[in-house]
Amino acid sequence: MLHPQTNTDPIGAKAVLHFWFEDCRPWQWFRQRDAFDALIRARFGVLVASALAGQLASWEQESDQALALVLLLDQFTRQVYRGKPQAYSGDVHALALSQRALANGWIKAEPQRVRRQFWLMPMLHSENAAVVEQAIPLLERFADSGTADVARANLMELQRHGHYRRRRQR
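Residue numbering for the sequence shown follows the numbering used here, starting at 4 and increasing by one per position.
Be careful, since some hints might not be right.
[Stated by the list, open to error] In silico lysine to any residue, SDA-like type, Cα no more than 25 angstroms apart, as pairs:
#1 K111 <-> R36
#2 K111 <-> P88
#3 K111 <-> Q137
#4 K111 <-> A90
#5 K87 <-> L105
#6 K111 <-> K87
#7 K111 <-> R163
#8 K87 <-> E160
#9 K87 <-> V153
#10 K111 <-> G165
#11 K87 <-> P140
#12 K87 <-> W32
#13 K17 <-> F145
#14 K111 <-> E160
#15 K87 <-> C27
#16 K87 <-> R36
#17 K87 <-> S66
#18 K87 <-> R163
#19 K111 <-> A38
#20 K87 <-> A52
#21 K87 <-> F145
#22 K87 <-> E65
#23 K111 <-> R170
#24 K111 <-> Q89
#25 K17 <-> S66
#26 K87 <-> D67
#27 K111 <-> E136
#28 K17 <-> D94
#29 K87 <-> P114
#30 K111 <-> Q64
#31 K87 <-> R144
#32 K111 <-> R44
#33 K87 <-> E143
#34 K87 <-> W109
#35 K87 <-> G165
#36 K111 <-> A52
If you are wondering where the hints come from, they were derived from the structure by calculation, not from laboratory data.
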């Protein structure tokens, strides 16, 4: 059941942002760890389900809340549903939010590089080669060259196979 405050009160968004950018360490973001997955599932599983069900649409209107929604749809789904097709079920919505943030100037206005990086991660995760190709200069400009290098590797895989093979091996 959806918590009564979840869909209108930004407290949930603030909790997501604080957890991801304050409580977590960068190495936790990109390594598969069962304990980390379980922690996210326990703390944010209800919010992830609400986001996937479209119940957090009010978060799309303000940049901090929209970034929290991107994290729920693009990052937290990968922990909550690891090894299942649902792990990628928020990707399309997260990509739309990322592209809207770019158009609205939210990414350019964001002072923290790491937050800009996560605004752009849905583009890096896309299986559309044109989107990933577009992400490379944006990552170089707004994030860092290491993340842009990951996007380059993703682009090569998409050009070679048409999809991310690791997603099909589960």
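For each hint, the structure was consulted:
For the proposed pair K111 and R36, the alpha carbon gap of about 32 angstroms is over 25 angstroms, so the pair is violated. Distance hint between K111 and P88 is unfulfilled; the C-alpha atoms sit about 32 angstroms from each other, more than 25 angstroms. Restraint check for K111 and Q137: satisfied, since their Cα atoms lie roughly 16 angstroms apart, inside the 25 angstroms limit. Note on K111 and A90: the hinted pairing is violated, with a Cα-Cα distance of about 28 angstroms set against a maximum of 25 angstroms.
For a cut-off of 25 angstroms, the pair hint linking K87 to L105 is broken: about 30 angstroms separates their Cα positions. Proposed proximity of K111 and K87 is contradicted: the alpha carbons are some 34 angstroms apart, above 25 angstroms. This hinted pair does not check out: K111 and R163 have alpha carbons roughly 32 angstroms apart, beyond 25 angstroms. Of the supplied pair hints, the one linking K87 and E160 holds, its CA atoms being roughly 21 angstroms apart against a limit of 25 angstroms.
For a cut-off of 25 angstroms, the pair hint linking K87 to V153 stands: about 23 angstroms separates their Cα positions. Our distance criterion of 25 angstroms between C-alpha atoms is broken by K111 and G165, whose separation comes to about 31 angstroms. For a cut-off of 25 angstroms, the pair hint linking K87 to P140 is broken: about 31 angstroms separates their Cα positions. A threshold of 25 angstroms between alpha carbons decides the hint, and for K87 with W32 the separation of about 18 angstroms falls inside it, so the pair holds.
With a C-alpha separation of about 23 angstroms, the suggested pair K17 and F145 falls inside the 25 angstroms cut-off, and the hint holds. Using a Cα cut-off of 25 angstroms, the hinted pair K111 and E160 is violated, with the two alpha carbons roughly 28 angstroms apart. Restraint check for K87 and C27: the C-alpha separation of about 24 angstroms stays at or below 25 angstroms, so the hint holds. Between K87 and R36, the direct Cα distance comes to roughly 15 angstroms. Compliance with the 25 angstroms bound is thereby established for this hinted pair.
Between K87 and S66 the alpha-carbon distance is near 29 angstroms, which puts this suggested pair outside the 25 angstroms criterion. For a cut-off of 25 angstroms, the pair hint linking K87 to R163 stands: about 24 angstroms separates their Cα positions. Restraint check for K111 and A38: not satisfied, since their Cα atoms lie roughly 34 angstroms apart, outside the 25 angstroms limit. For the suggested pair K87 and A52, the alpha carbons sit about 14 angstroms apart, so the restraint of at most 25 angstroms is met.
At most 25 angstroms may separate the alpha-carbon atoms for a hinted pair to count; K87 and F145 exceed this at roughly 31 angstroms. Proximity of K87 to E65 is assessed by CA-CA distance (about 31 angstroms); at most 25 angstroms being required, the pair is judged violated. With a C-alpha separation of about 31 angstroms, the suggested pairing of K111 with R170 is violated against the 25 angstroms cut-off. Of the pairs offered as hints, the one joining K111 and Q89 is violated, with about 31 angstroms between alpha carbons and a cut-off of 25 angstroms exceeded.
Restraint check: the Cα-Cα separation between K17 and S66 comes to about 12 angstroms, which is no more than 25 angstroms; the hinted pair holds. For the hint pairing K87 with D67, the CA-to-CA distance comes to about 28 angstroms; that exceeds 25 angstroms, so the pair is violated. For a cut-off of 25 angstroms, the pair hint linking K111 to E136 stands: about 19 angstroms separates their Cα positions. Taking the CA atoms of K17 and D94, the gap is about 21 angstroms. The hint holds against a cut of 25 angstroms.
Note on K87 and P114: the hinted pairing is violated, with a Cα-Cα distance of about 35 angstroms set against a maximum of 25 angstroms. Only pairs whose Cα atoms come within 25 angstroms are accepted, and K111 paired with Q64 is accepted, the gap being roughly 17 angstroms. A hinted pair counts as satisfied when its Cα atoms are at most 25 angstroms apart, and K87 with R144 does not qualify at roughly 33 angstroms. The suggested pairing of K111 with R44 is violated, with an alpha-carbon distance near 31 angstroms, which exceeds 25 angstroms.
As the CA atoms of K87 and E143 are separated by approximately 31 angstroms, the hinted pair breaks the 25 angstroms bound. Distance check on the hinted pair: K87 and W109 sit about 32 angstroms apart at the alpha-carbon level, beyond 25 angstroms; violated. This hinted pair checks out: K87 and G165 have alpha carbons roughly 20 angstroms apart, not beyond 25 angstroms. Our distance criterion of 25 angstroms between C-alpha atoms is broken by K111 and A52, whose separation comes to about 29 angstroms.
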